Amino acid sequence: EAQVTQNPRYLITVTGKKLTVTCSQNMNHEYMSWYRQDPGLGLRQIYYSMNVEVTDKGDVPEGYKVSRKEKRNFPLILESPSPNQTSLYFCASSPTPSGGNQPQHFGDGTRLSIL
Amino acid sequence: ILNVEQSPQSLHVQEGDSTNFTCSFPSSNFYALHWYRWETAKSPEALFVMTLNGDEKKKGRISATLNTKEGYSYLYIKGSQPEDSATYLCAFVNNAGNMLTFGGGTRLMVKP
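Protein sequences, first through last, are from chains A and B. If you read the first sequence in the working numbering, its first letter stands for residue 1, the second for the next number, and so on. If you read the second sequence in the working numbering, its first letter stands for residue 1, the second for the next number, and so on.
Hints in this document: simulated from the structure, not taken from any laboratory. Since we're looking at a predicted model, the values are computed, not measured. Hints may be right or wrong, so weigh each one.
Stated by the list, open to error - Below, in silico cross-link-like pairs of lysine to any residue (SDA-like), each with a Cα-Cα straight-line distance of 20 Å or less:
#1 A:57 - B:2
#2 B:42 - A:111
#3 A:57 - B:99
#4 A:69 - A:7
#5 B:42 - A:98
#6 B:42 - A:82
#7 A:65 - B:42
#8 B:42 - A:8
#9 B:42 - A:86
#10 A:17 - A:82
#11 B:42 - A:11
#12 B:42 - A:38
#13 B:42 - A:113
#14 A:57 - B:96
#15 B:78 - B:13
With the rest of the complex left out, here is chain B (with noise of 0.2 Å):
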């Protein structure tokens, strides 16, 4: 099984902050990296999917950024609104291509 780890665990901000979180993967056999947005008592939601190194992606005022050759991936949140409080949730996918190995997630609560 691989190791996909996200940090921190849990974040707790202020209206109005901007954030970041973490998700380190393999950095071999890369394939793609998922981000899902995941909010309590709803279903996981697709923020992105990027495929290649240097990739940055942007909806909104939430945009990530990937690093293949070290493995790792950076999810920002630029001026927090008490709406982003949710679990960020990244898969790694290898290049088999078929399997997603997720992250345990970063839990994201913002204060009013």
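Chain A with its partners taken away, still in its complex shape (with noise of 0.2 Å):
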């Protein structure tokens, strides 16, 4: 079955201590993604990465890290949690390097508590 597999689905940590979300996909994708999702703002883009080894920033990259090393897996990492870091994330992928002109694929969410 095609799926976006993000693991943990829920996560409650403390602050400062470091975690990472991971997150695979089966579909040979180029474009995977991670937003995180807050009441009142939508979804927020954080990272994205077109292909292997290249990643860029989004909207809110601030206290995040990525890698693309391989094309299934694009985990993302909180090197020093903080409480405002508290959300859902989605990671998400599409077909082709430009993730604009196709459909996302949505993994179930992580929700994340950081006290």
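Hey, can you piece these two chains together into the complex? The hints should help.
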């Protein structure tokens, strides 16, 4: 089954403790992206990647890192999480390097709570 | 950060009613406009990707139109059903083609 898989689905952690949210897609998609969703603010793009070893900042990249060492994986790293990063996070992928002309396929989301 | 607005924020309709809502976006540097349907506790699902001014797309009872010159898109639902209850999101893509800017969504609730 074609899918985007995020792990973990839920995480409660404390300020400053490094964490990684994994994202994997099995559709051989070129483009991958991370979003956060906050009440009243809609989905905001954190980082995106058009291909292996190519990553770019979205609208809200501060406090996050990403890597794209393999086509299928695009982990989101919070080196020193803070409470303002408490949010619902979505990973998405689309077939072509330009993510804009094809629909995004979303994972099931990861709810992070940082105390 | 680009300004993408959706209206109304929420909408309550009766089963069988037809409804529509709006996505407004910058009229310059247009590349594409996406529509997604997002049910509670699930992930957003793509409805349409529209790229040409005057585009009209249809999927069952749902259709969308696009006006890139004036910077708006309409989403129409004909004969709303309770299963149409969801948040509908639009996303603007500028001519770099790589970043999506989402609107705040329209939450639709259809009463049986």
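For the pair we were handed, residue 42 of chain B and residue 113 of chain A, check the Cα-Cα distance against 20 Å. holds (19 Å)
Between the alpha carbons of residue 57 of chain A and residue 99 of chain B, is the straight-line distance 20 Å or under? Status holds; Cα separation ~9 Å.
Run the distance test for residue 42 of chain B versus residue 8 of chain A: straight-line Cα separation, threshold 20 Å. holds (15 Å)
Are residue 42 of chain B and residue 111 of chain A close enough, with their CA atoms no more than 20 Å apart? holds (12 Å)
Could you grab the alpha-carbon distance between residue 42 of chain B and residue 11 of chain A and see if it respects the 20 Å cut-off? holds (17 Å)
Straight-line Cα separation of residue 57 of chain A and residue 2 of chain B no greater than 20 Å? Holds, at roughly 15 Å.
Pair hint residue 42 of chain B and residue 86 of chain A, alpha-carbon separation not exceeding 20 Å: OK: residue 42 of chain B and residue 86 of chain A at ~19 Å, within 20 Å.
Under the criterion that the straight-line Cα-Cα distance not exceed 20 Å, is the pair residue 42 of chain B, residue 38 of chain A satisfied? holds (15 Å)
Given the hint that residue 42 of chain B pairs with residue 82 of chain A, does the C-alpha gap stay at or below 20 Å? violated (26 Å)
Has the given pair, residue 65 of chain A with residue 42 of chain B, been kept, meaning a C-alpha gap of at most 20 Å? Cα-Cα ~25 Å, so violated.
Under the criterion that the straight-line Cα-Cα distance not exceed 20 Å, is the pair residue 42 of chain B, residue 98 of chain A satisfied? violated (25 Å)
Agreement of residue 69 of chain A and residue 7 of chain A with the hint, judged by alpha carbon distance not exceeding 20 Å: holds (18 Å)
Checked against the numbered hints given earlier, the structure breaks hints 5, 6 and 7 and satisfies all the rest.
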